[in-house]
Amino acid sequence: MKVALDPEWVELITLAKHMGLTLEEIREFLLKEQIRTEKNTG
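Following full-length UniProt numbering, the numbering of the sequence shown begins with 1 at its first residue and continues without gaps.
Read the hints as simulated data drawn from the structure, not as lab findings.
Note that the Cβ used here is the ideal one computed from N, Cα and C, for glycine as well.
A few of these clues could be false.
[What the hints assert, rightly or not] Label pairs and their calculated CB-CB ranges:
(1) Ile13 to Thr37: 14 to 22 Å
(2) Gly42 to Gly20: 28 to 36 Å
(3) Glu33 to Val10: 12 to 20 Å
(4) Met1 to Asn40: 19 to 27 Å
(5) Leu31 to Asp6: 16 to 24 Å
(6) Phe29 to Leu5: 13 to 21 Å
Working from the sequences, and respecting the hints, build out all of it.
This is the structure we're talking about:
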């Protein structure tokens with residue numbers, strides 16, 4: 001099964017990696033933002 005990737009997300013992840021962020025740091029940021037958003041909308 002082939003999954004299409006959102007080009008904007010690919011660009012964001014690529015830029016973050018070029019800035020020196022690790023994939024783990026990116027994951028942590030996204031999880032924090034998800035939790036923060038859920039608290040504000042929940």
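Cross-check of the supplied hints:
1. Evaluation of the 14 to 22 Å hint for isoleucine 13 and threonine 37 yields a pass: the beta carbon distance comes to about 19 Å.
2. In this structure the supplied range 28 to 36 Å holds for glycine 42 paired with glycine 20, their Cβ-Cβ distance being about 33 Å.
3. At roughly 18 Å, the beta carbons of glutamate 33 and valine 10 sit within the given window of 12 to 20 Å.
4. Roughly 34 Å separates the CB atoms of methionine 1 and asparagine 40, a value that falls outside the hinted 19 to 27 Å.
5. The beta-carbon spacing between leucine 31 and aspartate 6, approximately 18 Å, falls within the hinted interval of 16 to 24 Å.
6. A hinted range of 13 to 21 Å for the beta carbons of phenylalanine 29 and leucine 5 is consistent with their spacing of about 19 Å.
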